[in-house]
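Trainee: So the protein lines, in turn, are chains A, B and C.
Using my numbering, the first residue of the first sequence is number 1, and each one after it goes up by one.
Using my numbering, the first residue of the second sequence is number 1001, and each one after it goes up by one.
Using my numbering, the first residue of the third sequence is number 2001, and each one after it goes up by one.
Everything labelled a hint here was simulated from the structure, so no lab data went into it.
C-beta atoms are modelled at their ideal positions from N, C-alpha and C, and glycine is treated no differently.
Certain hints may be false.
Claimed, not checked - Here are the computed lysine-lysine pairs in the BS3-like style, where the Cα-Cα straight-line distance is at most 25 Å:
id, chain 1, residue 1, chain 2, residue 2
1, A, K43, B, K1389
2, B, K1343, A, K92
3, A, K85, B, K1086
Claimed, not checked - To give a feel for the contact side, a few chain C residues facing chain A, derived at Cβ under 10 Å:
id, residue
4, T2019
5, P2033
6, F2082
7, P2087
8, P2279
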Amino acid sequence: MNIDTEMVDYIAELSRLELQTGEKQAMTAQLEQIIAYINVLNKLDTTGVEPMSHVFPVKNVLREDEVVPSQDRAQLLAGSPAEDKEAFLVPKAVE
Amino acid sequence: MVLRELTALELGAAIKKGEVSIKEAAQAALDAVAVQDQALNAFITVTGERALDRAEKLQAGVKDAQSPLYGVPMAIKDNICTKGVKTSCASKILGDFAPPYDAAVVDRLAEAGALSLGKLNMDEFAMGSTSETSFYGPVKNPWDLDRVPGGSSGGAAAAVAAGMSWYAIGSDTGGSIRQPASYCGVTGMKPTYGAVSRYGLIAYASSLDQIGPLCRDAADCAAILDALQGKDPKDGTSLDGQYGNLLSGLTGDVRGMKIGLPVDCYGDGLDGEVKTAVLAVADVLKARGAEVVELSFPVMEYVVPTYYIIAAAEASSNLSRFDGVKYGWRAQEYEGLADLYRKTRTQGFGAEVKRRILLGAFVLSSGYYDAYYKKALQVKAVIKEAFDKAFQQCDLLLTPVAPATAPRLGESLSDPLKMYLSDVYTVSVNLAGLPGLSMPCGFDAKGLPIGAQLIGPHFGEGTLLNAAHAFQLDTDYHKRAPKGGDLA
Amino acid sequence: MTWETVIGLETHVELATKTKIFCSCTTQFGGDPNTHCCPVCTGMPGTLPVLNKKVLEFAVKAGLALNCDITRYSKFDRKNYFYPDLPKAYQISQLYLPIARNGAVSIHTDAGDKTIRIHELHMEEDAGKLVHDPWIDQTRADYNRCGVPLIEIVTEPDFRTADEVIAYLEKLKETLQYLGVSDCKMQEGSLRCDVNLSVRPVGAEELGTRTEMKNLNSFKAIVRAIDYEAKRQIELIGEGRRVVQETRRWDENKDATYAMRSKENAQDYRYFPEPDIPPIELSQAYLDGLRSAQPELAEEKRARYRRGYGLPEYDCRMITSDSALARFFEELVELGAPPKQGANWIMGEVLGALSARALEPRDMKLTAPTLARLIALVGEGKLNRNTAVKVFEAIFDTDVDVDAYVKEHGLEQVNDDGLVREICARVLEANPQSVADYRGGKEKAFGFLVGQVMRELKGRANPQSVNAVLRELLGG
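So that you can see chain A by itself, here it is in the shape it has in the complex (with noise of 0.2 Å):
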């Protein structure tokens, strides 16, 4: 795979951040060689290999469903660049 313009384009849409034109040159580069790196893994077969996801055997923990009070809500929405003391505010997102 060769990284162009084109797919870090898609890929910083994808991630909500915008690339200034010279700066698009330079992470295209910089990835593409990173990517080309990356490539050496094609080297080792893993043919069967289980994908491991999770590291070692921990498994089924829970939770009992049991109800704790819930957080102030001032204290929620204090670090909020936006709020109107009941909600969080954004830009008309409702159609």
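Got chain A sorted already, so can you dock chains B and C onto it with the hints?
Mentor: Below, chains B and C alone, put in the same frame as chain A:
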């Protein structure tokens, strides 16, 4: 008694005996910070007033204190949440975010009578190997102010090395505790994945992140880990360490212990002085009755790519929540919702963070998941198996921490791939969820510290700490203080 | 050309747990904005999810009831996308190893019986609520719903008509209510449905291009949206144009679907295994335990009522239309009420009283022992049916002791034959015209006379014995 020369345990004992008050200790630390940190930039936030208030409260309970660390001043990496105290991850995007809750480790430390001096500088979102990517400016190495302290827990390593704090709590995703510990000449440990709760650690790569100590020696390390470790109901991936009290297990007796030297870790790319100093650790332990065996670890060329695929993928998801809505910083000018997201994230994240987010989005994106992300999970299984095989032949592995000693400021960031490659000795430990310890084992001709890494099997912390303790009984590298310790 | 409509459903059902799926906040509906929230469900940095035991249990129970294979080794995955109702910018869901797969549900419509295959059932978290405030021209985000547990049930494209879709949803609703895993209230959004629809010429093997319709908030909306969308697609193809694969939104007011903006259609969710939640491994013992604890479902109840109590099919359906109602009925029968009488009371008085008050059966005050006693009093001849209905109305909202109420209001049936005979005679004497009319062949006059007797006895007489005595005296 010069307080800053004491280890955390020595200071704890002096406090318990009443030879020094907690306030005196706190004040000494704050004075050191005031003088030295202008040059070092190890702290993002110093909570002096809080520390002195807490000192008084703690002093009242000193007689009933159980923990050997009671009253000892320490500091916390700025990606660990502290209630009501700014937690920035060294990023612009978090602004002045003060979490409404404490991380689980902060609760545990509070129970042990810890006293926090403030929050430590780091690479932005723990992404970097030099602590230069911080929005709050780079941290300097106390041994040479023109050099980096390593990263991402650079502030933590520098603060402990310079005597500004008796110990520090850092995080390690691919070497972020061990490598700065090595560059700054302190002892640091990444525990087994799950041994310490991650609740309240702002995630970089959730399957690899672990919290751990940076401190003066193996004994301090054991005592801190005793306070931190254990299952937390708020972290589903945490579990009880199958070891009891680590501190009381430090006998220095390593007779019959099998030290494995993976020959693949001592080949090309390793600095000669580093190699000599690390191999000398084997000789010291041998002299104490340990056995040394050479073995092969044939997956070294795969560890860095595997690490960067997994870490970047998880990071791209973990960092999506920073969007200027719920907390932190929001761009000043934007048109509509989509633009708010783009402007906030584009202006709020630094270049290295963006690079990893983009790489992560790529390896997970439609059409590439199998070739990259799934492949990396398969290679991860192969790496884990290589460790399992190695630990059939030995009790622990001895390797370098980094290929060379601390580079100059500005040398690394220009070539990201080269910087990634310098993580070659540390990242595999995170991929396999193993414990890894970094300790000072010598100095190069420039007078910079060299670190050795000990790697153990799951929950092999006791073995690692005992080996490190044995080594430190016979050497004094860990006791040397940098010139930067007297910057005044 | 004749066209066939092909439909598949994705149904989201809110589970009736006390707490959210990954934190201990309440799931209670409503509440002031952001008051049922904590650092975990508002996506604060550093927080971690821990799975609610009950969510797993409910999901497995639902899977078993829908005849699915339960996945013994299951995992959660992250679905990544930016939207202000999703504070972490990813939804924790299940893509690769959903908890249940390959199920089947049998449905009945006027066209006959049919089996709908279930592709999969998975657990996930709900998102928050966004409300646009025109005064400040800002959207307000409320995270109370964030993290409420959902199961998503995905069918194969097995439906051909809107009737089948509704029959399936009714059946699903009934099953989940009986299991007690969800209350399935569409008006509160605890059952939501997305419809995937395509058309093809009858007899064609290949599926046409499908569209996905969202925002269907009632059965009525589902039926109309299916009709509209099928027609739209057939017309498009008829005009030689192509159906575009897209997400469309149903507009209740305009009675039409419209395409959502293309940006929202660009979907690359970058799913990957959720590293914060360890895998779920279910033991045989766990599954056996849940299987043996599965309650009797509506269909089994209907069969039992038919066979055991000889109730007509109509009665069986009415009574099992709600699990609380069915439980109420079974309790009546256990307390000795004759099944058919119990059924009549439920279908008549109980459902009538509930609908007059807009109440759900589970919210009813009246208890089965009270109604059983009322039925018994009628059976024992101590209360006549009409009086009993009045008593029922009087005590429905309070559930007081029936015997005490009857006594206090002097409502016992008069079973004193001598007294009835005396009153009848007196009434005949006082109404010679009516007696003459009756004898002249006017049956209506008889009714009047019965009414007079009942009035004298304040309605407490047994109507049958009044009839008998009057006829005797008149016909003599």
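Trainee: None of the hints should be skipped; say for each whether it holds.
Mentor: Comparing the hints with the structure gives:
1. A:K43 x B:K1389: Roughly 21 Å between the alpha carbons, so the hint for A:K43 and B:K1389 holds.
2. B:K1343 x A:K92: holds, 16 Å
3. A:K85 x B:K1086: holds, 21 Å
4. T2019: C:T2019 check passes; min Cβ-Cβ to chain A is 5 Å, inside 10 Å.
5. P2033: C:P2033 check passes; min Cβ-Cβ to chain A is 5 Å, inside 10 Å.
6. F2082: For C:F2082, the interface hint holds, since the closest Cβ of chain A sits about 6 Å away, which is under 10 Å.
7. P2087: holds, 8 Å
8. P2279: Nearest chain A Cβ about 5 Å off; hint holds.
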